[in-house]
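Enquirer: Given next are the chains, with one letter for each unit.
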Amino acid sequence: MIFDRPTSGELIKAVMDFLDTKIKDELPPHLAFKLRITNNVLGMVQREIEQGETLQQEVYDAMQNLMHSDELTTKKLAELIKDGKIDLKDEDLKDLLVLLSKNKIEVDNPNYSTYKKLIK
Amino acid sequence: MQEELASALSKKLLEVGIEGKVSNLEPLTGGASKEIWKFEVSKDKQSTKMILRRGSGIEGPLAIKTADEARIQKEVIKVGAPVPTILAVSKNEEELGDSYIMNFVEGESIARKILRDKEYKKALPVLAYQCGEAIARIHNVDVDNFSFLPKKPAEDQLEDLYSTYQSFEQPSPVFEYAYLWLKKQDFSNFQESLVHGDFRLGNIIVNGEGLQSIIDWELAHIGNPLQDLGWVCGNSWRFGKSDKVVGGFGELEDLLEGYNSISKLKVNKEMVKCWQVFGTFRWGVICLIQAYAHLSGTINSIEKAAIGRRVSETEIDIVDLLFLGGE
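Chains as they are written, first to last, in our numbering: chain L, 27 to 146; chain V, 114 to 440.
Hint data in this document are derived by calculation from the structure and do not stem from the laboratory.
For every residue, glycine included, the Cβ atom is placed at its ideal position computed from N, Cα and C.
Be aware that a few hints might be false.
[As the list claims (entries may be wrong)] Estimated spans, in silico, between C-beta atoms of each pair:
1) L:65 - V:258: 41 to 51 angstroms
2) L:101 - V:263: 47 to 57 angstroms
3) L:120 - V:257: 40 to 50 angstroms
4) L:59 - V:136: 23 to 33 angstroms
5) L:78 - V:192: 45 to 55 angstroms
6) V:412 - L:82: 23 to 33 angstroms
7) L:79 - V:160: 58 to 68 angstroms
8) V:234 - L:143: 21 to 31 angstroms
[Unchecked claim] Under 8 angstroms between C-beta atoms, here's a sample of chain V residues computed to sit facing chain L:
9) 140
10) 284
11) 285
12) 355
13) 416
14) 419
15) 426
16) 429
17) 430
18) 436
Put together the whole structure using the sequences plus the hints.
Expert: This is the structure:
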């Protein structure tokens, strides 16, 4: 890494804090609503930068055990399901789909109710 | 710009015999694809609040014309369904564009406020039953009066949703699984009905007493009435209150009790489950449609960009419903 701190994640966090503390209260309601979305988006980017690689690797490791293929991608997994190459009743497949979904939502929206329920 | 809009509104209202000065135009947070304006019309010190709902001219592939939404509401109000009174309708080529003017209904439509604020505390326990009654009235109407609406049987919708999803070339293992699972379900047992298509908090107006109005008819069609019941029971529309299966506010038993008190078709809990999965998959595909409207450059919008990352919410809900005993 040739870049200095703040890291990209830390920079985004600084922008989020600025929007939240200095800008939010200045806006009329319909723009305040858009600012909330903007902050959510920045949060996703921050989490993807900071945790994305680990979360992705976990899924690839689980794929390795189930898919007998050189290509470990969600695209390939989707194709195997579609073409009936994996039994839909296969418990490992179900576990993999749960893991994939959990790891995606951990970046996209870790406050999502179903995610919070499942990690309890 | 607001002056021009005010003058166009006055002109339109005059056409239907409503005279007065238009003032206090205020944009409201509406659906992602429609403009909503609240305004007042005053004459002789009397003032009436109204709403303009206007299409952007660029509708999603699932939406009907804004003016057709008005046609539906004019019909369903006759059978006692709670909807705003339509005052005037404008065609696309007119100055106001594809839009309509309706009376302003006092109350709240923002889901999080309804679920959180004290004012609605007494309304929430009765809301599921009221919603059941209201949607049953809508499902009971004679479909022959709605020949201008598209017919969308479940099987056709499923194929449409799947091919729409495929067109974005972003394969989802969970969606592939859901599609194969849904294809095995039996959707045949029903009578063709008017389906609202987006019946949930956000699209209903609630006050301290409960349900006041059902709004936002852009996804209306003729199809299976259970679709509306499964939709409002999807976790996507519980706004974080996932223990309340109906819209984050009520119990399924209450919704069905209200529904069955009016409906010709009697519905039980088991019939709703596959429609929850269907609804969740449908919402996932709608998220994709919205996100790709942004990505293709058709509309540049932070909301639409953000919604692309809500697809994963529908994926986790699908695996929860199918594998983990989610309700």
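Enquirer: Each hint: holds or not?
Expert: Now the hints, each set against the structure:
One distance hint, 41 to 51 angstroms for the beta-carbon pair residue 65 of chain L and residue 258 of chain V, holds here, with the actual separation near 46 angstroms. Range check, residue 101 of chain L to residue 263 of chain V: Cβ separation about 32 angstroms, and the 47 to 57 angstroms hint is violated. Checked against the hint of 40 to 50 angstroms, the C-beta distance between residue 120 of chain L and residue 257 of chain V comes to roughly 45 angstroms, which is consistent with it. One distance hint, 23 to 33 angstroms for the beta-carbon pair residue 59 of chain L and residue 136 of chain V, holds here, with the actual separation near 24 angstroms.
Between residue 78 of chain L and residue 192 of chain V the beta carbons are some 52 angstroms apart, a value that agrees with the proposed interval 45 to 55 angstroms. A hinted range of 23 to 33 angstroms holds for the C-beta pair residue 412 of chain V and residue 82 of chain L, which are about 30 angstroms apart. Distance hint check for residue 79 of chain L and residue 160 of chain V: the Cβ-Cβ separation is about 59 angstroms, which falls inside the suggested range of 58 to 68 angstroms. Here the CB-CB span from residue 234 of chain V to residue 143 of chain L is close to 24 angstroms, well matched to the stated 21 to 31 angstroms.
About 6 angstroms separates the beta-carbon of residue 140 of chain V from the nearest beta-carbon of chain L, less than 8 angstroms, and the hint is met. Hint status for residue 284 of chain V: holds, given a least beta-carbon distance of 3 angstroms to chain L, under 8 angstroms. Interface restraint check for residue 285 of chain V: the shortest CB-CB distance to chain L comes to about 6 angstroms, inside 8 angstroms, so the restraint holds. Proximity of residue 355 of chain V to chain L holds as hinted, the smallest CB-CB distance being about 4 angstroms (cut-off 8 angstroms).
The criterion of a C-beta within 8 angstroms of any C-beta in chain L is met by residue 416 of chain V, whose closest approach is roughly 6 angstroms, and the hint holds. Interface restraint check for residue 419 of chain V: the shortest CB-CB distance to chain L comes to about 5 angstroms, inside 8 angstroms, so the restraint holds. Using the Cβ-Cβ criterion of 8 angstroms, the hint placing residue 426 of chain V at the interface with chain L is satisfied: the shortest such distance is roughly 5 angstroms. At its closest, the beta carbon of residue 429 of chain V sits 4 angstroms from a beta carbon of chain L; the interface hint therefore holds under the 8 angstroms criterion.
At about 5 angstroms, the closest approach between the beta carbon of residue 430 of chain V and any beta carbon in chain L falls short of 8 angstroms, and the interface hint on this residue holds. The beta carbon of residue 436 of chain V is positioned within 8 angstroms of a beta carbon in chain L (closest approach about 5 angstroms), and the interface hint is therefore held.
Violated hints amount to a single one, hint 2; each of the other numbered hints is respected by the structure.
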